[in-house]
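Protein chains: 2
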Amino acid sequence: MKSIKTPNSIVHFSDIAIEKLNDHLLETDYSSVFIIVDENTHEHCLPLFLPKVASQSTIEIIELESGEENKNIDTCTQVWSVLSELGADRKSLMINLGGGVLTDMGGFIAATFKRGIQFINVPTTLLSMVDASVGGKTGIDLGALKNQIGVITEPEMVLIMPEFLNTLEERQLKSGFAEMLKHGLIQNHEYWKILSKTNHYRDLSALIKTSVEIKAAVVIEDPTEEHLRKMLNFGHTLGHAIESYCLENKNIKTLLHGEAIAIGMILEGFISYRTVGLTKETAAEIKNVFNTHFGKVHFMEEDINQCIDYLKFDKKNSHGEVKFALLSNIGAPAIDILVQEETIREAFSFYLEN
Amino acid sequence: MKSIKTPNSIVHFSDIAIEKLNDHLLETDYSSVFIIVDENTHEHCLPLFLPKVASQSTIEIIELESGEENKNIDTCTQVWSVLSELGADRKSLMINLGGGVLTDMGGFIAATFKRGIQFINVPTTLLSMVDASVGGKTGIDLGALKNQIGVITEPEMVLIMPEFLNTLEERQLKSGFAEMLKHGLIQNHEYWKILSKTNHYRDLSALIKTSVEIKAAVVIEDPTEEHLRKMLNFGHTLGHAIESYCLENKNIKTLLHGEAIAIGMILEGFISYRTVGLTKETAAEIKNVFNTHFGKVHFMEEDINQCIDYLKFDKKNSHGEVKFALLSNIGAPAIDILVQEETIREAFSFYLEN
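In order, the protein sequences belong to chains X and P. Counting from 120, one number per residue, gives the positions in the first sequence under my numbering. Counting from 120, one number per residue, gives the positions in the second sequence under my numbering.
Hints are computed from structural coordinates only; laboratory data are not their basis.
Derived DSS-like pairs: lysine-lysine, alpha-carbon spacing no greater than 30 Å straight-line:
#, chain 1, residue 1, chain 2, residue 2
1, P, 210, X, 442
2, X, 406, X, 369
3, P, 328, P, 124
4, P, 431, X, 210
5, X, 349, P, 210
6, X, 349, X, 406
7, P, 171, P, 121
8, X, 210, P, 349
9, X, 431, P, 210
10, P, 124, P, 312
11, P, 369, P, 406
12, X, 349, X, 399
13, P, 442, X, 210
14, X, 121, X, 171
15, X, 372, X, 349
16, P, 312, P, 349
17, X, 415, X, 312
18, P, 124, P, 210
Listed next, the stretches of chain X that the computed footprint assigns to chain P, with coverage defined by at least 3 CB atoms under 8 Å from CB atoms of chain P:
#, region
19, 196-209
20, 231-240
21, 264-272
Just so we're clear, the structure is a prediction, and the values are computed from it rather than from any experiment. All C-beta atoms in this analysis are idealised placements derived from N, C-alpha and C, irrespective of residue type, glycine included.
Based on the provided sequences and hints, a complete structural model is requested.
Written out as structure tokens, the structure is:
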């Protein structure tokens, strides 16, 4: 499968991925290689990956705890300290083997250690393959505020190896599938239709590549999110607020990223109908498709109030206004749309009704 | 005084500095402005600065504790949290008003908050005016390891206002003077001679500009420190190790940066004589000049052993080797020089003998 270039990085797929990694390791005189894993990828992915890596340098494995609740500065401090103790230097390479939490955080750790060492991302979840793999966003959470701290730095390369998908539970696969549906909604009606009819989450290799192509095209046009790239936030303004709220509130089930933005896309589909001319039928179609894949969360009045409170911490806000990325049609995004709180409340009602 | 351009920033001097700042604030639609101070600059510098700032936006003052011991991730976390609480967004501006500790850390906080907001540095110490003001190095310490965590990002502009020097004690001024002497040693014999004969540390405006020009020229040639920029590390390999050791060891006086690198330059002057052809007389001249300005630190055998241990954490190391930036003559640096431990021990003897 052909590789996809971005301004400062390149995404390699499937079998060619390991070849390209080994070529790169041979060409580059790294002093040492550090592979960052969590307990899950240590057990399930590293045994599939490590035997294929041909490095002249010492390879050290650093394990951190999985989960969004560990995507914080304390974990970074621990890893920075371990890197220092193990003698990592500016010519060391970091390989991040894991899902989006791990590649986001690993990228940030690498980008800031000794003012930046090189890193390679090997996403192991469907979500991180289709979403976190391109664009160079790295970051960690600050309390319940997602990705509040980070930098934009691209990895040397990204390796997408769909064999890792066999190590995942269906819930994890569905979480990534939500982002793929988003790629269809914002850029490609045909792709949306194909995905809408998909009722399994395995053997998705070809579709993954379409998603990476869509995202890469957007990111290349607007790497620093001045305009076009904002369309990738469809479903994310409310999705992130819901995700943050559920993470911090112990009485409500913690949602995976894809589960939260699936709700966000239903809500923002409705808001699109109310503000930028999406038809009522399409808003209903979006709701139906996501409801087929994801169970409903029963938000109470108080939950909704608190989710709305979280909006004001969204990174994309400025001057105290919350701006949304919406859809005037499938494949036709509309960015920087100001939305009234009342409309957001109506969207929650639309989501909750049958 | 004419401004000095670097690739992504500009340094403005004296009276023109405030004018340029106010023009910039007028041109740029910042949502809010945050001025970071420590307790010293809050008391002594902010009253000289704030009344001159003409901003349409809200200005908030954030005070952090001064001192290298607070240049750590905990302080960053506090400031990130305060910024979040005060509603800072991607269109906010941060102005760092302080010495090198504050501008290094403030730059890092800004460069990582919401994946990067704009910042302006207003150095208030001689050291930060001549050293931290150009080059875009930001960073914090990790335990006793100086600047272990950071990124390279240039501020929108740097304002050098020598009036702040009147707020400083002589010990602080001398610390900056050591870096100025280094600029002469690595690039300009004439400048070294002028500074060697200087016996006061006030009214240095014109000399500050020469130092900034020397540093800017080096940084423009090699922003990411692949080759040429390494010459700026003369005196710093051992200087940093000594500084880290003294910071962590409670039985020995904590040294200011300039005091530590003054010792580092005497040591590395001797090492230059032993390895890259600096004459014995010049090594002695360097020792004499620094001894005129700085008191001697009486290192014991055990201190020396521990300083040597710190070398292995130097950011510039790779592949387990310690490489020095040395002088084959005044104005003629030699970089990437491997040095035996025995030579380092001899250098300490040279420093300690009368």
